[in-house]
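What follows is each chain in one-letter form.
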Amino acid sequence: MMVATLTAEGARRSPWNRSTNTASMADAFADSLLSGTPLDTGLEARSQT
Amino acid sequence: MTRKIRWGVLGCAGIAAKAVIPAIQSSRLGRVTAIASRDPGKATDMAARFGIASAYGSYEALLADPDVDAIYNLLPNHLHVPLTVMAFEHGKPVLCEKPISLDAAQAMEFSAAQKAAGLPVCEAFMVRHHPQWKKARALVAEGRLGEVRTIQTIFSYYLDDPANVRNQAGIGGGGMLDVGCYAVSTARYLFGAEPLRAIVLMERADLRHGPPDEWTAGISRGKAAHFYLFHAACAHAEGDRAWNRWAPGNPDPLQPAGRQTDVACAL
Chain E
197 MMVATLTAEG ARRSPWNRST NTASMADAFA DSLLSGTPLD TGLEARSQT
Chain G
3 MTRKIRWGVL GCAGIAAKAV IPAIQSSRLG RVTAIASRDP GKATDMAARF
53 GIASAYGSYE ALLADPDVDA IYNLLPNHLH VPLTVMAFEH GKPVLCEKPI
103 SLDAAQAMEF SAAQKAAGLP VCEAFMVRHH PQWKKARALV AEGRLGEVRT
153 IQTIFSYYLD DPANVRNQAG IGGGGMLDVG CYAVSTARYL FGAEPLRAIV
203 LMERADLRHG PPDEWTAGIS RGKAAHFYLF HAACAHAEGD RAWNRWAPGN
253 PDPLQPAGRQ TDVACAL
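Just so you know, the protein sequences line up as chains E and G, in that order. Note that the numbering used here has the first sequence beginning at 197, numbered continuously upward. Note that the numbering used here has the second sequence beginning at 3, numbered continuously upward.
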């Protein structure tokens, strides 16, 4: 079985970190606010469960 | 020139200086323009450090600021719903730290307030907005792993400071609420489906000095025979160091298992 691993080594080499993760999330929300396009946050689906 | 969102940050916890404020200041579409803490000195210090225009000694004052477009609720878990609802009352959309609510009753209160206000809200699970996880979700959706039936997650850390908010039962600490929610949320995201039922084992700490759960392990069953298996630990006792196999510097894995192949991603 082939296993594609994106774990430790990949994370160390990745330009992504806690700060860039948060910036990406804040920009997604900001873009939604500025454009008026709803953001899929998963909360709507959860509220119907 | 692209208009930027003017963020008001509620709270001056360590994560504010370490991650959230630098992240927003470096983001493409936003800037932090106001910050609030119950301790005015903390807010003033943080504002000076990061070039934030306004510092408030009360959350209500920040929420009333007409020059704030959106709120980042960084407060401890038990204040997520009350202050998010208060932000709605001031007409502000909210990006709220995870988990939004502590229990089902709070979730219902939050949901009703959000629907009444009609304002956007986002729970701070970065997974949904991160290219790695978008790719992982696409791999699952495209059938590249075969039929995915099980997602297994381990997310743990060692923390023995009883004063840390993550170790305080009364304000929403513990392994399940602090990191277990990542396992559940990410599995829901990858499957694109909601769980139908869950069976959970939880080991409770000394509630006078520890978190409500030192570790939690669960199996959640969703539609189409999806299973989420998760283990979350906010280890407190010395003997629990063994739970902390991956951190620090060696991220905890989440592993969607398909009939043809698996993919393991760092959380």
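Hints are computed from structural coordinates only; laboratory data are not their basis. Please note that a few of the clues may not be correct.
Facing chain G, from chain E, some residues (calculated, C-beta under 8 Å) [said to hold, decoys possible]:
(1) A226
(2) D227
(3) L230
(4) L235
(5) L239
(6) A241
Please read these numbers as outputs of a predicted model, since none were measured by experiment. A virtual CB, placed ideally from N, CA and C, is assigned to each residue, including glycine.
Hint check results:
The restraint placing A226/E at the interface with chain G holds, with a minimum CB-CB distance near 4 Å, inside the 8 Å limit. The restraint placing D227/E at the interface with chain G holds, with a minimum CB-CB distance near 6 Å, inside the 8 Å limit. Proximity of L230/E to chain G holds as hinted, the smallest CB-CB distance being about 6 Å (cut-off 8 Å). The beta carbon of L235/E is positioned within 8 Å of a beta carbon in chain G (closest approach about 6 Å), and the interface hint is therefore held.
Hint on L239/E holds. Least Cβ distance to chain G is approximately 6 Å, under the 8 Å limit. For the restraint placing A241/E at the interface with chain G, the shortest Cβ-Cβ distance is roughly 6 Å, inside the 8 Å limit, so the hint holds.
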